[in-house]
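*Asks:* In case you want the letters, here they are:
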Amino acid sequence: MNSKERKIGGADIVWKVLIEEGVDTVFGYPGGSVLPLYDALSYYQDKIRHVLVRHEQAASMAADGYARASGKVGVCFATSGPGATNLITGIANAYMDSIPMVAITGQVPSPLIGTDGFQEIDIAGVTIPITKQNYVVEDVNDLPRILKEAFFLAREGRPGPVLVDLPKDIAAMEYKKHFDYGRIKLNLAGYKPNYAGSKPMIMKAISLIEKAKKPIALIGHGVILSEAYKELEEFVRKCDIPVISTILGHGAIPYDHPNYYGIIGMHGMKYCNEATTEADLLIGIGIRFDDRITGRVSDFASKAKIIHIDIDPAEIRKIVPAEVPIVGDIKKVLVEINKEVKPMRNEPWNKKLTKLKEEFNFKKVEEMNRKKGDTLIHHGDLLRDIFEITKGNALMVTDVGQHQMLAWQYYPQKKPRKWLTSGGLGAMGYGLPAAMGAKLARPKEDVWLIVGDGGMQMNIQELMTLVQDKINIKICIFNNFYLGMVRQWQEMFYEENYSQVNFLNPDYVKIADAYGIKGYKATTIEEAKKINREIVKLNEPVIVDYHMQKLGNVFPMVTAGASLKETRIK
Amino acid sequence: MNKIYLITLLTQDHKGVLNRITSVIRRRQFDICTVAANSTELKGVTRVTFLVQGKSDIDQLIKQVYKIVEVTKVVELKTETSIMRELALVKIGLKESLKSDLLKCIDAFDGEILDAMNTHISVQIVGNPQKIDSFVNMVKSFGIITVTRSGVVALRQGL
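Keeping their order, the protein sequence lines are chains B and Y. When we follow this note's numbering, the leftmost residue of the first sequence carries the number 1, and every step to the right adds one. When we follow this note's numbering, the leftmost residue of the second sequence carries the number 1, and every step to the right adds one.
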């Protein structure tokens, strides 16, 4: 039947809105309460690709990966009850890292709501603390407005996930009005993000910047969310300000930029951590001063005045006392600063940091911490090789744990949106689905997933999605047969009492084979290098099981609750 | 130390918005002492007034509540410069021997008797929270059957 002859129902409205919003790929899993949506999908498949995941958690995480890699809103679908609850970790992840996402869940038919019906869960109630907004649709005539608001809210201001819960009967109900998306009005009287930034505050910031002798720009995810790369580059070049990045700001400025020094935080570079302690001015740009970034807050940037630029007023003075708060869109605020600020040189300060950067010998840190007699692969050797063969151009996705921190340390980025990691939530299992989403968003990019043996097993079922949807990513399992980061903490803080971290793994080559994916195993760096040179040429999904040194640790490290001054290198 | 704060807000009267607001209050580690919500002079707009207590930063709570999409305004009212009122309905057991004492007491608090039987008397008291506390304390010895108190509503003094 031609879609023009069909009666248009609530389910059609969903797909029509998605098309209007420029959505080309969605991730989901069907079930009883979303049947009308999946039925209608058949009529829109020429415009929208639906990726059938194997677990709803992967749908929300893939939508997140898609959003991070593309800058567009990620969309996921699930049925009511267990389908909806399975989305939760991915939604929470998007909430913590400010990722634009619209999650659409089926719900039991309206008359059954509140009766504890089969597969009924109050998903709107459940997701209140982890969504920017959510809706339960009660009238099919409200559906276009609700969806339009959902996309608007997901994207505008500080981005975040929005959930729309759609009862089955409403999805199946006929939509009798004329569908004209452009004319749908939003009903969001209470939502007015401040984009411009206050002029007096901007002028005050400029006067601090011009007086500072030891300024530092600490950049975060906000720079990427605001796409303020050019403006940031102009600002730090013009004012000669050293730049240090948080884990989610990674790639917002090219690593070879003369003003870029490196990464900050619990596993940041020692000299970067120490530089913040010495700075007389700290300009936080699109960051929320997470505890993994600041270390002990009372010691953080203790000699510095703080300028804090962020779109979310609730982030201002939440953690650190900012002398000059600027609430606004990073890009717009930087444009204003760049217009007014005088060009400057901070030569002695930059020279000092450059010297510290050169003196900080990462290989020496490695050598100090290498466990003697272990012939398995060392993470430093492997990550350097991956950087070399990909020429530093890969779109890197990680899971959560030691390998994540190591990939951050060893794989500097030249471009934004090529570093995807679960920052705020630290959700194991994120890597594989996020890499899927990233590859579908950016098919021309070479997507490499670095994942631990723990995280690999959290969403391993998605290997089949890779095959079915021909998603070509390289999966590098950093396999040390341990939950490495937990083991490291047990080694350092629990007297080597290795409790429940010893990890038995399947034979990943056989696993790969069972899924119809090419699989490799490397136990020495020589084998690994050979395999890397082979897989880099492959145009299909591939798994490499790298057997890593069992007791490898991540350094530098700031112990939880310690000051950044106390960054340990062993 | 726990401190008590009075906050009042305006919100679009959408379904579930009170749920969202109370969720934020809980999450930012405040306890709700009283809550009052009702319509305003503006169509479709509800005013909600909370007395909350907690150790955390009240400015942070206000900013977080303001982030809720439907919420259009949030302010902290200083208790010392605000008019605060709540209403209590108190049902008190009636003993003939104490009747005149009880009536005197109700009169002293400008109470209004809404229901009186041989066995009990129901009284409405309006005032600031301290006045209600005092009344409840005062009539305890007569034998309180039920106390039901509304949340505090408040206005800033002056224009």
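These are computed hints drawn from the structure, not numbers from a lab. Small disclaimer: the values here were computed from a predicted structure and weren't measured. Glycine residues also receive a C-beta, built at the ideal position from the N, C-alpha and C atoms. Hints may be right or wrong, so weigh each one.
List time: in silico DSS-like cross-link candidates among lysine-lysine, alpha-carbon distance up to 30 angstroms [stated by the list, open to error]:
#: 1; chain 1: B; residue 1: K72; chain 2: Y; residue 2: K140
#: 2; chain 1: Y; residue 1: K15; chain 2: Y; residue 2: K91
#: 3; chain 1: Y; residue 1: K73; chain 2: B; residue 2: K331
Far from chain B, some chain Y residues (derived; all Cβ distances over 12 angstroms) [what the hints assert, rightly or not]:
#: 4; residue: H14
#: 5; residue: V17
#: 6; residue: R20
#: 7; residue: D57
#: 8; residue: V71
#: 9; residue: S82
*Asks:* Hints first: check each against the structure and report whether it holds.
*Replies:* Okay, the hints, checked on the actual structure:
1. B:K72 - Y:K140: With a Cα-Cα distance of about 63 angstroms, the restraint between B:K72 and Y:K140 is violated, given a limit of 30 angstroms.
2. Y:K15 - Y:K91: violated, 33 angstroms
3. Y:K73 - B:K331: holds, 27 angstroms
4. H14: violated, 9 angstroms
5. V17: At roughly 9 angstroms from the nearest Cβ of chain B, Y:V17 sits no farther out than 12 angstroms, so the non-interface label is violated.
6. R20: violated, 6 angstroms
7. D57: About 8 angstroms separates Y:D57 from the closest Cβ of chain B, which leaves it inside 12 angstroms; violated.
8. V71: Incorrect as stated: the minimum Cβ-Cβ distance to chain B is 5 angstroms, not above 12 angstroms.
9. S82: Holds, since 24 angstroms exceeds 12 angstroms.
Hints 1, 2, 4, 5, 6, 7 and 8 from the earlier list are contradicted by this structure; the remaining hints agree with it.
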